[in-house]
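Number of protein chains: 2
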Amino acid sequence: MNKGLLVVISGPSGAGKGTIYSKVIERTGMQRSVSVTTRKPRPGEEEGVNYFFRTEEQYQQMIANGEFLETAEVYHNYYGTPKAPVFENLQNGYDVLFEVDVHGARSIKKKYPEAVAIFVMPPDFETLGARLRGRGTESEQSLKLRLGAAKRELAKYEMFDYIVFNDDIGQAVQDVLDIVNAEKRKIKNNIEAIKALLGQND
Amino acid sequence: MNKGLLVVISGPSGAGKGTIYSKVIERTGMQRSVSVTTRKPRPGEEEGVNYFFRTEEQYQQMIANGEFLETAEVYHNYYGTPKAPVFENLQNGYDVLFEVDVHGARSIKKKYPEAVAIFVMPPDFETLGARLRGRGTESEQSLKLRLGAAKRELAKYEMFDYIVFNDDIGQAVQDVLDIVNAEKRKIKNNIEAIKALLGQND
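In order, the protein sequence lines correspond to chains A and B.
Counting in the numbering used here, the first sequence runs from 3 upward without gaps.
Counting in the numbering used here, the second sequence runs from 3 upward without gaps.
Excised from the complex, chain A in its bound form (with noise of 0.2 Å):
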C-alpha cells in the first residue's frame, strides 16, 4: 500500500486558507489533524475530536520529547500538531490535510520533508488589502502590519513546492485538488505498486 500524503496549505492572513481547507477537506476523504492546546474547553467542546486538551505542564512535557509537527503560542496559550496520530494516518495510507501559518509550515517541512506545502495567496497585495479592510475589524495600523507580514511570508516561497492564487475560490478549491492528484499520481509515491507489478508476472 501506498503512504498517505500530508498536505500543508499555509500563506497569509486574509488569503481564503480555511475556507480552502473546508472545501478541500468536505470534497475528498483527507482526514484533519486534531491540535493539542492548552487552552480551557469551550461548552460543547470534545476532547479527542475539537482538541485534546492538556495542562501546560503536559504541554512543555510533550515539546521535550519531541511529540509535536509545530507549536505555537496565541495569546498564552500553546496549539500544537501531535505527531503521533499524523504518522499513523500516513502510515495507513489516508491522506492528512493540514492549514497552518507559515511559521508551523516551515516547522512541519523540518521534521516531514516528503510534506507538500500550498502557498494560498491573492491575486496581489491591494487584493489583500481591500479584503482585510472589508472585514471591517482591522485598523488601519493593524492592517499594514498584517500586508508587512503577508510581503514577509511570501519571500520564504522557496520552502513551498506550489502556489495557489486565490482569485476565485472555486478553481483555488480545484487547484488544490489537482495538486493532491497529481502528487498521488508521482513515481516516488507509486514505487510498492509498480514493483508489485512487475514482481507479478515474473
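Hints are supplied without guarantee of correctness; some may be wrong.
Since the list gives no way to pick out one identical chain from another, each pair is judged satisfied if it fits inside one copy or across any two copies.
Simulated pairs of lysine-lysine, BS3-like, Cα-Cα distance not exceeding 27 Å [said to hold, decoys possible]: (1) K25 x K85; (2) K153 x K188; (3) K113 x K158; (4) K112 x K186; (5) K153 x K190; (6) K112 x K158; (7) K85 x K113.
Hints are computed from structural coordinates only; laboratory data are not their basis.
Please read these numbers as outputs of a predicted model, since none were measured by experiment.
Let chain A serve as the given structure and place chain B on it in line with the hints.
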C-alpha cells in the same frame, strides 16, 4: 511571463497513450510538436503541418548539428523532433505535449531535464495482453514480444515523474490534465510572477 511546460506522454504500446494525447490536446491549448521525417509525403499531407519532409541527407545533417530532441528509425524511415520550434513555443509561454515511446522520452529528458515525463500504464499486464489480443492484429509471438517490452519499459520507471494507470480513459485524461495544472502551480514555474508581486509594492 512564465515559460511553457514540456510534457511527455509515454508508455508501452497498447497502453492508450495516443488516445490520451489527442484528448488532452483537444481539451487544452497545448501545442503539438511537428516531427521531421525522411518518408515521402502521403496524399494530402502538408509540409510543416503533418511533418517537415526532408531527404535522408538533410536529416543526417540535422542529426550532426544536434537539432533533434529525439530521433528514431522506423522501417527504414527516420522520424525526429526538432528542438527549435519546441523551444520557441516554450519561451513564448506555450505548453507543448509529446507522445513518444520510452526511448524517445529518455532522450527528451536528457536534453531538457525540466520536461515532465508521464508513464501511461494499463492497470496490469493481463489487461495489456487482453487489449493487444483484442486488436486481432497480433500473432501470439508478437504479443509475447510486446508484453516483454512493456515490462522492460515499466522497469525504467525511475526516469519518469508520474505514472497514470489507464483503467478508465476519462479518468486517465483527467489525471494528465491535473498533472499539467499542478505543474503550473509549482513554485519553480511561478518565480517570475512571485518576484513581480514582491517588487510591485516595494
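Each hint, compared with the structure:
1. In this assembly of identical chains, K25 and K85 lie within 27 Å of each other by CA distance solely inside one copy; the values are 24 Å within and 43 Å between copies.
2. For the identical chains of this complex, K153 and K188 are inter-copy neighbours only, at 19 Å across copies versus 31 Å inside a copy, given an alpha-carbon limit of 27 Å.
3. For a Cα distance limit of 27 Å, the shortest separation of K113 from K158 inside one copy, 18 Å, qualifies, whereas the shortest one across copies, 31 Å, does not.
4. Both within a single protomer and between protomers do K112 and K186 lie at most 27 Å apart by alpha-carbon distance, with minima of 21 Å and 25 Å respectively.
5. In this assembly of identical chains, K153 and K190 lie within 27 Å of each other by CA distance solely across copies; the values are 18 Å between and 33 Å within a copy.
6. In this assembly of identical chains, the alpha carbons of K112 and K158 lie at most 27 Å apart only when taken from the same copy (14 Å versus 31 Å across copies).
7. Proximity of K85 to K113 under the C-alpha cut-off of 27 Å is restricted to the intra-copy arrangement: shortest distance 9 Å within a copy versus 42 Å between copies.
No hint from the list above goes unmet by this structure.
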